[in-house]
Structure formats: C-alpha cells, structure tokens
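Visitor: First to last, the protein sequences are chains A and F.
Per this note's numbering, the very first residue in the first sequence carries number 1; after that it's consecutive.
Per this note's numbering, the very first residue in the second sequence carries number 310; after that it's consecutive.
To be clear, the hints were calculated from the coordinates, so they are not data collected in a lab.
A couple of the hints might just be wrong.
[Unchecked claim] Simulated pairs of lysine-lysine, DSS-like, Cα-Cα distance not exceeding 25 angstroms: (1) F:K654 with A:K91; (2) A:K301 with F:K443; (3) F:K443 with F:K387; (4) A:K91 with F:K387; (5) A:K303 with F:K545; (6) F:K387 with F:K545; (7) F:K443 with A:K306; (8) F:K443 with A:K302; (9) F:K545 with A:K89; (10) F:K387 with F:K537; (11) F:K343 with A:K118; (12) F:K654 with A:K306.
Just so we're clear, the structure is a prediction, and the values are computed from it rather than from any experiment.
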Amino acid sequence: MGPLLDSILSPAFGFAILRIMTPILFPTIGVAISSLAGSINIAMEGTMLMSAFTGVIVSYFTKNIYLALLAGILVGVTMGFVLGYFHLKLKADIILSAIALNMFASGFTIFMLFLIAKDKGTSISLRSLVFPDIHLPLIKEIPIIGEILSGHNLLTYVAILSIIFMYFLIYKTRLGLRIRAVGQNPDAAESVGIDVKRIKLYSLLISGFFGALGGLYLSMGYVSWFGRDMTAGRGFIAVAASNLGGHLPLGVFISSLFFGLINAISIYLAPLRLPSEFTHLIPYVTTIIALTFYSIRMTRKKKAYKGKI
Amino acid sequence: MDKFILNYFNTIRISIAISIGVAISLFLILIISKDPGASIGYLFLSPFLSRIRLESLISVAAPIIFCGIAIAIPFQAKIFNVGAEGALFIGAVAGVVFAIVTKMPPLIHIPLTLLVAGLAGGIWGLIPGFLKAKWNTSELVVSLMMNYVAYFLGLYIINYYFRDKAAGALVSLRISSSAWISTLPFFSRTSWSIVIALTFALLVYFLLYHTTLGYEIRTTGFNLHFAKFGGINVFKIIILAQIIGGFIAGVGGMTEIMAIHRRFNWQVSPGFGWDGVMVAIIGRNHPILIIFASLFLAYLRIGGHHLNLMSDVPYEMVSVIQSVIILLITAEAFLVQWKERITVKEAERKEIPHGTTS
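Next up, chain F with everything else stripped away, as it sits in the complex:
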C-alpha cells in the first residue's frame, strides 16, 4: 500500500485535490439549494444521462484541449506566456477573413484556413517570445497585453470590414461552405474538431518527449543555466516554444468557428485561453493528461449549465470548484508531509533484516 502511494503520489495528490473541490461543491449545494438531491444529480450525473449532452461534452472539450497544449509548451520551458486567449482570438479573426474571401475545394480550403489561423496565432506568440529572449521582458505582462490587443484589433477588423449588415447582431459574414468542418458520421453534435484536437495533442506529445526540440524545451524549463552550458540555443527555444503554442491556439480558435459558428460571433473573448491554463495545470503540462483534464472540465461545464437551467444554483459554482482544485494542485507541498512520513516508514521497514531475502 505504502509503495503504491509513493509510486502514484502525484496522481493521488491530484485526485485528492479534485475530491476536495467536489466536496466543497456538495457542501455549497446542501446550504443553498432547496432540493439538494436533485441539484447534485444535475451537476454530476446529467452529463451522462443524455446522448446530446454527452456529445456536447466532447465538443466543448475540443477548444480546451487545443488551448491546454498551446499553454503547456511554453510552460514546459518555464515560460509563463498566458497569451493563448489572444492567439486564439486573432487566429480566428485571420482564419475567418481568409475563409470569407476565398473559395476552394474543401480538401485544400480547410487545411489552408487552419494554417492561416495558426500563422496569425504564431505571430501572437512570436512577439512576447522575441521580447523575452532578447531583453528578458516579462512574457507574462506582454502576453496579457497582447490578449487585449488581439481582442480590440480583431473586433475592429470584423466590425468595420467584414460585418454582416443583414444580420441582427454584430457578426461577420458567413465563411465559405468549403471551409466548414462537418460533424462526425453517426454523431449529431460532435464534429471533426475533436479529432483534429486529439491529433494535435498526440503530435505535441511526440514533439515534447520524442524529439530533440522537445528535449531542449524541457531542459530549458528544468534549468536554464544547465541548458545554456549544454549548448542549447536558449534564445531560439524561448521564441519557438511560444510560436508553436500560439500556432496551436490559433488553429483551435478557428476549428471552433468552422465547426460550430461558421461566422465570427465573439463579441466577448470566449475564455478558452484561461481554460487552457487551467487544464495545463491539472494535467501537469503533459499533453495526454491535458486531454483528460479538458474532458473533466467540459464535464463540469455541461453539468453546471444543466444545474443552472434546472435548479436554483448558479453556474458560477463551477468556477469556484475549478479554482479550488487548481489552487490545491499548484501547491507543491500539499500532502508532501504525508508522503515523507510514508517514505521514512518504507525506508525503516527495508532496513530491518528478515533472514531471508525477498
């Protein structure tokens, strides 16, 4: 048992953090809801009880996966670039503009549109990346500011040049149908975007753990000085990690438009970038774990919306649970004393001679 705890300490730690978050939510529901039993059911069970909700869960997870891995790459290099939100937004703007003005066969149009979106997102990663690498400018502050720049610049482009005047709301013209991402066969809500998201997650996993570039990114994050002395071009790595991150976030933003909205309709920034930070933390910057973290987040969201709709408990309950979980997971020393006690116990047990060797 003790050995098991030591081997899977991180997994157990994260599970306990999640359990505490869930416990707090149960407690809150018990206090405020008139019918706590039903409310708890809406929050935790309803996502599984209907096929539509289950499919929505998967499609809600797709952009979060994109942003999670987009954030994880610079985070692995210990670069606190939180600009996925801006990269996603500007990527979607660029992609929408491209998909409105061009028309091609879908097989070329879809990848080309995603490429344009990715490149725009990449530029959003390049700027804080270059400033950080060259003059050690805080990437945190610059990427935060870049989020706002993307938001206002994007709205300016869409509202002044590509606005659909026939539509009642502030939205862009429709993108050409050749750039639409369709739903998966046999599904009504889940589109190919989840497949694209999973593909990117696998690619990033391969990049980080099976290529030289990935090794260099992780080494830079592990110890900058060690990386420099080891001959790694840290300047290049710091920039590249953020460009790749921005690229993926841009693609993620555009798939969301191509699969669901088919026109630009974000008058408020959608917030996937911050979700990305969240799942990157829960998934400890590992692309595969980020997939599960994103599904978990989507599960909470779908449950939260159903809860909001059906009961007297507001949706923001979910934000409270999320932040408590994140806070506990980021706390490196949370439960470490417990681990140390077990380690000591384990060591003492091994020291006692038993006569026979096991």
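Bound conformation, chain A alone:
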C-alpha cells in the first residue's frame, strides 16, 4: 500500500479530485434544484451530451468560445424546457420522458457526429476550443494548497461558485422560496396563489442550465473533443449525489466532492495491479449504501414527526 499512500497524499491527488468533481457537481446542482421543486430531472445525462456536442460543433465552426458557450447553454435549457413541456403540459411521467430524452440525446449526437465528422466514435478530427485554465494570484504561491486549488479550468471555479449561487437562489430570493414551497407542498403553494407549474418549469430550466455547463466542461475543458456517450453515467451519478446531499447546497457540494474522491481513488488504484473492474465498483456501491442510510434517516424523521402529532 506504500505507493498508493504516497500518491494519495500528494497535492496532485487533491487537484485530481476537484477536476473529476466538476462534471459531477454541475449536474448535481441541476438535479438538486429540480428535486427541490418536486420534479426530479433525470434527463441530465442527455442534457450534458447535447450541450457537450453543441459546444464542440459551434466552437469548431465559429472559432468563438463565447458563441459555443451560449449555444451549449441554450441547448441545455431547451432540454429542460422540453422535459417540462411534456411533463407539465402534456402530463407525461417525468421519469419516462426523461428516459426518452436521454435516448434521444445519445442517438442524435452520434447521428449528427457521423454526418458532420464522418466518425461515430469521437470528434477528434474537429478541433474544439477549450475554456482556459486559471492561475489564482496569491493562492498559487501557497505550498500544497496552491497546488491543489490553483490552475484549474475556468469552469471548475464556476462550479464551486455555483454552490454559492445556489445558496442565494434557494434561501435569499422569491423564486427560491417558491421553489421550496412547491416542492414541499404543491397544494398549499397553489392555495396562496403560486403558479405551481410555472415554478416547476423554471426549476427545470435552471437545472438544464447547470446540466449544460457540466456537458460543456466535459468536451471543452476535461478533454477537447466530443465522444459518443462521453457522459458515462455522470448524469445518473448526479441523481445519486443530489439525493445524498439532501438537495441542499452544502450537502450537494460535499457529496460531489465525495464522488470526486472515490473516482480519483479508483483511477489511482489502477496502476497497482488491483483489478480495475473491482475498483470501478466502489462509487456505485457507496452510492447505494449512502442512499440507504439517508433513507433510513428520513424514515426515522418521518416517524418521529408523526409521533409528535
């Protein structure tokens, strides 16, 4: 275990955790905000794919990273809108329509990739722009901490700032208050004149926005190309992470950090000749266990609450 310990105690490991956490934290914030309004968005996988793809394609053709960012976000928000339209207006089950949207995104991006790049695997032939790395002044001079915190991709910092944004949105704005009201008791919210459907739609649009940022980071930061199904289950991990963090800002941040940590460990275990299949299991098993503990706690809370009445 010596070499493992050495590499885990190095600042590079801390850096890797934040890097790996970023494409999980964005969609987790998205899932959390939609869950708070009581309309869980499990179409994150598809949203991220569509935005990741759009970002690469737009940046290749326009050579303009702002346009790529804008287009990616627009597509992500549109995914949120489509989900909201089908769920709220056409009364579709939100889980089933999200599954359909995920299938659509997976097929559609490969379809378009083939038409544009004549390749069904990756878009390596199309050079994509990437978001810049940021070296934090002052902080980068601090030993160890500087190495861990400085030099990340711009979007990694945006992701961490998004937690603060989420805190303000949820606790300090009218919209946030309404989102929580609608999620906790839609009937009560309706009775005081809140347009429940509209608030749910807003929460899905916001969640699409964060899904888009997660997707854009994947294809224009983490790597600089689009690959088929490159989200690799992160949209679903986000559902787990959001549940784990109780859909609240700090909880969401800690649980995403935890997933970053677990994933980083399984990457660091790989060269130690431990079977990689086995190390890959860790995050999924942990999610199940953690989610079970979370729901046990919720059940007890509910019982205690009932006992008081």
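Given the coordinates of chain A, work out where chain F should sit on it, guided by the hints.
Guide: Below, chain F without anything else, positioned relative to chain A:
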C-alpha cells in the same frame, strides 16, 4: 366513426405517435441521403425481403420481449425499477459460470442453467425491492447503480476466472454443449429462445390478469393507499414484483447466450434492458402488446442495420425515431383535447331526441 375513435383511442394515439416518428425519419432521409428512395426502402422494406433478415428480426426480438415483460411487472406496480439491464447481465454471468462447470443431459441442463440465471437476476431485483419496501429508498437510483455493479462485477468474474486464454478477444470459455439452445426445425437463424420468450410473456399475462398476485400488483400501482386499506401486503408486493422482473430479465440474458454466443462475450452491456423500458412504454405494460412492440423495435433495428450497411444514412437514425415515439406515447395529454371534442360531440348527438329509439 366518432364512437370508433373513442373506443380505440389509445391504439389510435399510439399509431399516430408511431406515424409521426416514421414521418420524421422520412424527412431526415430526404435531407441527408443522396438516394432517398433507396434508403427508405432499406429502412422499411428490407426486413421483409429476405428470409434471413426476417428470421434475424425474430431472434433480435426475443431478448427485448424478455426485458419488456421484466420491466412491465414492476412498472404495473408503479415501481420505476430500470434494473433489467443489470439483472440480465448478472444472470448471464451466473448462468455461463454454471454451464461451464457442469455437464448434464440437455433436458435437465437447459432448464437448470436458466434457473440459475433467473435466480441471480432475481437477487438484482430483490436488493432495490427490499430497500424500497423497507425505507422507501428510490428504486430508480438504486436499480441504476445496480446496473453498473452488475456490469463491473460480471466482467471481473468472467475476465479473471473464466476467461478463454486461447481466444483472441476477452471472452469466457465455451459453455457445455448440453446447455446450448438449438435453432427451431426448418429455421436457420431463429432459435427456441423466441418460443421461451413467448411462453414467458403468456405466463406473465396470466400472472398479471388472472391471479391474485397480479391483481395485487396492479392495485398497488393503481393506488398505493387503496391497496393498503384493502389489506394487500404492499411490502411483499413491492419486493416480489421486482424479484420476478429480475428473474425474467436474468433468464432472457442467458437464453441469448445459450442460443447465439455460447460463451460470454459482452464487454459492453448489450442494452436490452433499456430496450425493455422502451417496449414496456409502447406496449403500455401489457405483456401481449409488448410482444408486438418488441417485434416492431426489432423490425426498425434490422432495417436500420441494413440502411447503415447499404447507404449513407447512419444507424443511429433508428434511436432518434424510437425516442420521438416514446416521448409522444408517454405524453398522456397528447391528442386528449381532440378526444374531448369528440366526446362532447357524441354526448350532444345522443341528447337530441329522435322520435324513434334506436
């Protein structure tokens, strides 16, 4: 006419959804293909034009039928367990291991292997089932995670303990020939697995609509509180629905191996579980309709592959059509205004007295 529309509203709704999906695909082909006429032919007609393709269509449908009914049972209880993919995968792993290490007369070996596969799949249904029933843990998230656990655990078992080192690729040893499922007489591609799949579909139909357990599953899905007050053991139903689903998915995965590959060669999860979700939605969780939905999906697949092979249109076109169809079918309110208009018209017509009673 109006009466006809009201009676068959759901069928018409699904037909319209499918037509829209097909129309979109025609539109896409017209835009991107250099020879749209031929491409449309490859996609929609080619499955019927050769006996081999027609037989492939049937064998492609078999695992989809299994997964469709596996998903439909928990869905009928309003349990969103999407773990058929994992149950199928781990079932196949367990079955392969069993069929490699044992040798028996085929008449015993085949059902026993399927049983082992089913039991492994059943465990994959039991875990999310128990957690849901006991602590209301989201079965959606747990079953999703279980899919990944099945995938990595399965690959670990196969690649480290049962790998065929003589083979060039990462595959398991061959299963004993006594556990092979053969092709049907007079057929070259279609095996007995379709017969097993249809048998299971009929059994599940019987289970859901003609047994107490089936009634309890449907009642639980219809209204959980009503089911509880009616004295149904909801705890048991929630678990059992998922165990049965997992069992069937496990059997489905193993028949595919026994009929076609004869060794474990899935380095990528085959995706039948998600196909199962799709056909369960199209078939509205009804086992008999799921058979037709699976044949339809297989038809699109065979056409899509031929299209991919023969023309400049990629196969993923099929995924786009599928998801559009699913999206429209899940939309409960799609076309409902139309239905309401007809209902009103029908009601008004009946109110007008006619002198003679009809």
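Visitor: So, for every hint listed, does it hold in this structure?
Guide: Against the structure, the hints:
no.	hint	result
1	F:K654 with A:K91	holds, 24 angstroms
2	A:K301 with F:K443	holds, 14 angstroms
3	F:K443 with F:K387	holds, 16 angstroms
4	A:K91 with F:K387	holds, 16 angstroms
5	A:K303 with F:K545	holds, 21 angstroms
6	F:K387 with F:K545	holds, 14 angstroms
7	F:K443 with A:K306	holds, 17 angstroms
8	F:K443 with A:K302	holds, 13 angstroms
9	F:K545 with A:K89	violated, 35 angstroms
10	F:K387 with F:K537	holds, 14 angstroms
11	F:K343 with A:K118	holds, 15 angstroms
12	F:K654 with A:K306	violated, 50 angstroms
In summary, the structure is inconsistent with hints 9, 12 from the numbered list given earlier, while agreeing with the others.
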